[in-house]
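Note that the protein sequences, when read in sequence, are chains A, B and C. Following the working numbering, the numbering of the first sequence begins with 1 at its first residue and continues without gaps. Following the working numbering, the numbering of the second sequence begins with 1001 at its first residue and continues without gaps. Following the working numbering, the numbering of the third sequence begins with 2001 at its first residue and continues without gaps.
In short, the hints are calculated from the structure, not lab data. No residue lacks a Cβ here, since even glycine has one placed at the ideal position from N, Cα and C. Among the hints, erroneous ones may be present.
[Claimed, not checked] Computed footprint of chain B on chain A, listed as stretches where at least three residues anywhere in the stretch have a Cβ under 8 Å from a Cβ of chain B:
| no. | stretch |
| --- | --- |
| 1 | 65-73 |
| 2 | 105-113 |
[Said to hold, decoys possible] Residues from chain B that face chain C, not an exhaustive set, calculated with beta carbons under 8 Å:
| no. | residue |
| --- | --- |
| 3 | L1154 |
| 4 | F1176 |
| 5 | P1179 |
| 6 | A1180 |
| 7 | N1239 |
| 8 | H1243 |
| 9 | G1244 |
| 10 | T1245 |
| 11 | Y1248 |
| 12 | L1252 |
| 13 | V1255 |
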Amino acid sequence: MSVVSMTVNGKPASADVEARTLLVQFIRDELGLTGTHVGCDTSQCGACVVHVDGRAVKSCTMLAAQAEGAEVLTIEGLAKNGDLHPMQAAFREHHGLQCGFCTPGMIMTAVDMIRRKPDLDEETVREELDGNICRCTGYHNIVKAILAASQEMR
Amino acid sequence: MYQFHYERPKTLADAEALLGKADDPKILAGGQTLIPTLKQRLAMPSDVIDIGGIKELDFIRAEGDAIMIGAGTRHATVAQSADVQKHNPALAALAGGIGDPAVRHMGTLGGSIANNDPAADYPAACLGLDAKIHTTKRLIEADEFFKGMFETALQDGEIIKEVTFPHPEKAAFMKFRNPASRYAMVGVFVSKGPWGVRVAVTGAGQNGVFRVAEMEEALAKNWSPDAVAGINLPAKGLNADLHGTAEYRAHLITVMAKRAVAAAG
Amino acid sequence: MSDKASGEGIGQPVRRKEDFRFITGNGHYTDDINRTGQTWACFLRSPHAHARIRSIDTSAAEAAPGVVAVFTGKHVADDELGGLICGWTVTSKDGTPMKVGAHPILALDTVRYVGDHVAMVVAETLADARAAAELIDVDYEALSAAVALSTCQNEKTAQVHPEAPRNTCFEWELGNKAETEAAFARADRVVKLDLTNNRLIPNAMEPRAAIGEFDKGSGIYTLHTTSQNPHVARLVLSAFVGVAPEHKLRVIAPDVGGGFGSKIFIYAEETACVWAAAKVGRPIKWTGDRSEAFLSDAHGRDHLSHAELALDSEGKFLGLRVKTIANLGAYLSTFSAAVPTYLYGTLLSGQYDLPAIHVEVDGVYTHTAPVDAYRGAGRPEATYLVERMVETAAREIGMDPAELRRRNYIRTFPHQTPVIMNYDAGDYEASLDAAMKAIDYAGFPARKSEAASRGKLRGIGMSSYIEACGLAPSAAVGSLGAGVGLWESAEVRVNPTGNVEVMTGSHSHGQGHETTFAQLVASRLGIPMEQVEIVHGDTDKVQFGMGTYGSRSGAVGMSAIVKALDKIEAKAKKIAAHLMEAAVEDITFENGTFTVQGTDKSLAWAELSLAAYTAHGFPSGEIEPGLKEGAFYDPTNFTFPAGCHICEVEIDPDTGITKIAKFVAVDDFGTVINPLIVEGQVHGGIAQGVGQALLEHGVYDAESGQLITGSYMDYCMPRADDLPSFTLGFTKTESPSNPLGMKGCGEAGAIASPPAVINAITDALGIRDIEMPATPARVWSALQAAAPRAAAE
């Protein structure tokens, strides 16, 4: 066991964990932030996507220790002062979620997507969602929500 | 995951020392292959040496007629590098098409080629661009580096430091993705440069990345898609599975090669 | 009506109430819940498709760090727990009941599929439980396995259950054989096709999970689980498995991350967790990982069929005969016998006036995971068969597929089909016309030649589907072998301050009931939606319910709410009459206000609610205090959503990649409460149908019975770039069988789309058939096979 410390959603967080602890386990089990989900064991579904030092990563494919000292942002930290992030608002407005399980990973991926590519079109959004699987929506409204948010955030 | 001892050295020298001391260490670079492997309990290293914190491995330098890329450089960084885009756009595009965006934020050049997954993209770039692989012990030519599926010339305790990619005159990578895994089912890197013409294929071969002499010769004579369009490769030695027969893969090599030459201009 | 009210009323695209918690990471799925003193379970699963267990040695596992207990089939047997059951009995054509093999919670002496449950380790941490499970020493005698559907009924093939010779669970038939033979005898043309309906693995994004608990003081068991129907789970666990009596067992299905059928069923893991919680005296948590889901969630589809369609010289359908072999897997799952029989054979008339139908279905066991309902359940298989046959017939007789359909559509209602169903309402030509217009059917030839100029093969295919939803009239299903009734319940509780809680037996796991149900209640009571709370998924809060599947929550679940609201309104009027000193007949209720007709006397909803609870001066014996009513609604018929989907594909002949260029869906769902949610249901359904047609396939090795597609590395899930944006349209004929006129929308996309896609691909390639999924490799192979022929022509 050793102490791992990082900043999560702007607050210092540390816990004494085994070396094999994944970042997603640290977030869910140690910090109780259960908005980040685990939907597969082959690093493909993207339900676990969070931002580490401003970049989207799969928290199921990273040791907590690798994030030592990092700034981590999870879905719980996205809304600021009670105001939804434009991406969260767009997902609601355009019915971009159904069961909600893939949603946190989708939203975190989408926010990162706009950071990297402010000028999005439908084809790009679909390509960029390569690492996020949704079983409910057929992606139609997710794509619509992301495009709408990218306009909003311009 | 089994238990292991974890270290995150700050320098290459520290990393080498740690590797020397450990019983059965594994080097953790970006972790995008190693961590899934550990999760599936398919590996049981005594020590995991995380080289992700070693700053000296994270760089991109264009010098003379080549680009030097540190082994710890993330795929996303390579894809977005102005230098790589300028001198070697095929390499930038290849890096920008590995895995998915989140994977590209973690995965590294060194990790990819050290693992030598038979469906990985970077081995095709290394072989297709006559790259030089610099390790803590020596310089290894790409032709000598890839030794078969998940096998490389690397010895125990040897860490990749950087890879030198000479600028090509023309180059492109075309990938047919496995519909399920999204790894390359057939990826073809074609190039023309001081080394002549190279055609490197990833994903399709039972022994990992390989060159296609017949196509290289044809393209050396006539750099055009037509030059490779008529080449039908034997299916022998190619993978066959649920996603396609060896014959299908052989056919796709020709199709991807043709398209790569067209894209390279 | 105020703007607010009209914005939230029936038919309005109200944004979902449940979204806030999901988009902010505040949902509560089963794995998000942790209980004090909790232990973790890990299941040791069979590595063999078929093996005898000679012995199990758990001593090393028991001694491993952190291990609390290890359970095997022997412990289960010692406790005399019952096995898992199938709630529907199908009778073979010889009159004998289906042959049921025992389905123990943990294997006793035989394992029957890779992933079958052998032992459960309970430990302090999940890592401890996993490590200990590897220490269990099982001495297996590996046996040959029955895997391939085409050979599993051979005499020499390994037997899955001794009770079922030739692995045949039932040989079922429906329709009139003699009339069908006669129809074929006088036919001008007979079209024949062998069709495969590929095995699918559901893959709700939230894997199954459970937390079992036992309270020693009260003797009450609690199970948190990923269920589409917690009351059915409780009933089965009590009445059949015998974990605990119903009143001592609480089942809670909190937020559930998708189901698609796979979370209807009662599985071994959840059962073992709640049972063993009493044994270890601590809560036991199990969260399946994706690999476990692939191995042990009930799979879907998996049919082999031969079909023949008889036509007269004008293209009028005379008869259809079908022989299907349906894979049931190694054990019967909760509803598995019903899926390839009553949910399949009864829909083989499609939208057509088909005077004679005869279908035979052999339900067979194989050494593979159980197969049960998956989105559409039987109806996609029926639709695929019918719509592939119709399209093939049109091509063979050289008639436009739309025209052939028009010639055979049912046009008068009610219509009794030869296979049980009585269609109550529909206008099939309306949806066909709308879909053809939306896709610009007339412009297709031009698009095809434009694509050809780019070296691409373009094809178009349609599918006129019908489904039976609103499951289901209890008397009807009872007469067909169901062990349960398929009504729904609701309870409306009005609080003294006027806000309302609605307890529903439906369960939302993505469908948005918290919104649509609240829309219904709010518009009926004239109060804002935010004053309505929809409560579901807890057997302690909701008295009983049959859950959500079969597109039943609108047509059946909401109808129960309507019935309860009727009672609320009746009682409220009585109270209003008393308070305003008027006759009940003179009270009107509109927009949340009770008025005495012809006077200016009125009472607001909130005032009345409070009065109901203060009850001052209520005439004793005439009006009870309080305002709470419940209702059970049993539908009088199935509902029959129908429509037309048209798909246009473009194929790259060099790679075999099929791109969906356009997809149009026009559906008739009757009354729509919330179009935003209904459209979302259609999108998701189409994606799953396209997945079946192009990408998804659950494949076992034919010899070893190993699951080859055991992860997303090999099982191809639809990604965003596999799909286009869809064009949707709606037509409307109201269902006369329920008070709201609703038909159901949850499964339509998955039912309608596969034949549309395959019809388009076969059109593009100019071939008769291609097996689903039409992967690039298969399309390319089909082109290679067709090439010499084309060259010769």
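Comparing the hints with the structure gives:
no.	hint	verdict
1	65-73	holds (count 3)
2	105-113	holds (count 3)
3	L1154	violated (25 Å)
4	F1176	holds (6 Å)
5	P1179	holds (5 Å)
6	A1180	holds (4 Å)
7	N1239	violated (12 Å)
8	H1243	holds (6 Å)
9	G1244	holds (4 Å)
10	T1245	holds (7 Å)
11	Y1248	holds (5 Å)
12	L1252	holds (7 Å)
13	V1255	holds (5 Å)
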